[in-house]
Amino acid sequence: MKYVPLVWAAIMRKPTRAVLTLLSVMLAFTLFGLTIGMNATFAKVQEEARDDRIFAFARFGGLVPIALERQIEGMPGVAMVASSSFVPGYLHDPKNRIFVQMMDENIPKVLPEWPITPQQWQLIRDDRQGMLVSKMQADRWHLKAGDTLTIAAPAARKLDGSPSWTFHVAAITSDINYMSQGYMFGNFDYMDKARTLSDQSKTGQFRVKVSDPSKTAEIAAQIVSKFANSPTPLETITEKVAFDVSAGTGMDIASVDRDVALAGMFMVLFLTANGLAQAVRERFAEFATLKTIGFSDSGVIALVFAEAAIPCLMGAGLGIGLASIVSNVMPRFLPPGQGLPIPTMTIMVFVWAGLCAALVAFISAALPALRLKQMDIATALSGR
Amino acid sequence: MLRQIWIVSALNFKSLKSRFWQSMVIVVGLAATVGVMLSMLSVSAGMRTAYQNSGSPDRAIVVSKGVEQEASSAITRAMAPLIAVAPGIAKDKDGKPLADRTLQLGVPVVRANGSKGFTTMRGMAEKGPGVRPELKIVAGRMFQSGKRELIAGVGAQVMFQHMQIGDKVILPDGEWPIIGIYKTGDQLEGQLIGDSETLLTATHKTNYNTMLVRLASPDSLDAFKKAMTTNPALSVDVIRHSDWYNRVASQSTFGLALLGYVVGAVMAIGALFGCLNTMYAAVSTRGREIATLRALGYDALPVAVSVILEAMLLSVTGALIGAGIAWALYDGKLDLFNNVIFYLSVSRAQIALGVIWAAAVALLGGLFPSIRAARLPVVDALRAT
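Taken in sequence, the protein lines are chains A and B. Each residue of the first sequence is one higher than the one before, counting from 1 in this note's numbering. Each residue of the second sequence is one higher than the one before, counting from 1001 in this note's numbering.
Calculated directly from the structure, the hints in this document are not laboratory data. Keep in mind that a hint or two might mislead.
[Unchecked claim] Sample of chain B residues lacking proximity to chain A, with all beta carbon distances greater than 12 Å (derived): (1) N1053; (2) P1057; (3) G1140; (4) L1313.
[Unchecked claim] The calculated DSS-like cross-link candidates involving lysine-lysine, where the alpha carbons are at most 25 Å apart (straight line), are: (5) A:K95 / B:K1225; (6) B:K1147 / B:K1183; (7) B:K1205 / A:K193; (8) A:K44 / B:K1116; (9) A:K109 / A:K202; (10) A:K158 / B:K1065; (11) B:K1116 / A:K240; (12) A:K193 / B:K1065.
For every residue, glycine included, the Cβ atom is placed at its ideal position computed from N, Cα and C.
From just these sequences and the hints, can you work out the full model?
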């Protein structure tokens, strides 16, 4: 501990350099936090996906007869089936996209982990035009319980040909992690009874819950083959696969994120290694003095490592801090409907950042340390 | 003055060798920044090009009023002939209007890596090839109307399994063989095409999705649009095909492009601090040399300019290296994102953007050190060891 002032003095010898290095390291770690934090979000979503649930929907697009719900429910191994459809619309201007998911009464039972109380679900049963709005969406459209919202949905017309759908905001509810833009939930019956005859008794997708999680994939395949020759063939995807971002987009996003973080680290490594080498070169004679007054090789080397570690670790801490601030304010600036994931600063992000910072510091200090170990005290003292 | 700038800068660049590793901080910083940014932008730029190539200013698309996606539009059998006889549509050599009844639906596919995905299957009627003259069969033959057969795009062939001639695609009424491979130079290359009428029957649909017409000339859009919007039997929107795809392109690539720029900006600021650091160090190592020049009668300005030029040279070199790596790794590579197949693109315009980005960093990163260099007290600097 008593050497802290010594290390500090060494760093602050060139304050401009110290501050610039720190800022550079900080930004590289901000990027690190954002990218690795995004991977943490993907991992969290994937982890929260339940292994006993399946999505089933029309194989060739469009709506599915609701009657299939009972048929799937009758299959061995299936515990329960819920269905949901959606009203894809907009508010005032097509740019203000609004997507209301219309839930049937089984949804709360098949998705019990959602942060919505039975009382809240009951609200949209009691009032068919009721709607549950997540906090994020409520903030976005400035909605509160009791408001009325009319959206235009040209792709889901009503019986009279009108595209406008009116909803009553019944309650503002907590957000659901994997719906990074928030959600709006309405009552499926409202939609079903109001829409054009050809679309009535049809829904968008089923959420199938199986009784034995080890049979999920098997049952998913059985559902496909059961309806393969029906007028509405189905396609299924297990929740685990559906919530896997690289399976969804077809691009290995997690490794892209890692590469970006790595590029930042590489840049910083170059910077700190150079700065340190230069600092040690400038103070070569001083290190010789330290050795002369009795500092051991390892003592001097420890000083160099400390000199490297302080800006790296401080920069990492500040960078991750900045990244978490950015992720907190990010949702406010993102355009809606892009579905960009918001990074999460989990413990693992901190741990990885710490490890990377330590590694960068270690590599930066390695060469200068080696030079100090091999230094010839007499030559160094003479300043040549 | 220019001569002085030239002499001082030349001297400066000659001494770069002795500051090699220090200077590499700027080169590596900008190489990483521009390399990462252009690699990320290659996705959004490639996707944008694929979409934009799909539209054409001499085509118009007719969709149900207010919809934003082809799949959610519905054109009934009764509406189709009304649209086809409207003025402003180009005619083929038999005098028939070049208006195509189209379908669009998603079909599940297996990606080359074995994971499940979707692609778009399009229905095209008899006038389809006339409306889309860019469609060329490169292997096998065109599908025949009334037959249950499909053609696949060259991109789909690479990115999905089971897309060769002779392979079968499962549709609701059985298996349809792929009998030809086509090229279009746009996002259709990642898709499948079959006969609209036959597909309609096979998928138990009653309506087409859109009407795609070839305009008599790009200027005849207004006449066509007027005929559509004044006909009370139709409730449709008419949009120039290129405008339609420009909107689709912005909507689907905005987020990705934004991400690329944000990452690029964060890295650029990091590189900027590195650049400042290096240039301050360079000025202090060159203190003696600068003071000598000043003592010999050189102005402060050439000295300051030489510092900025050095920063420029280093960062633009870095940017070109980064851009070169991004280009070599990704440009022209076939890729897939959100079920759209496209060629990744690191274009000249983007490389230029990377260079501008680097020049901006160098300007800012060289400015303050150059001021310090210009203000260096000559006597003190000469005395310094």
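Quick one: which hint numbers does this structure break? Sort them smallest to largest.
none
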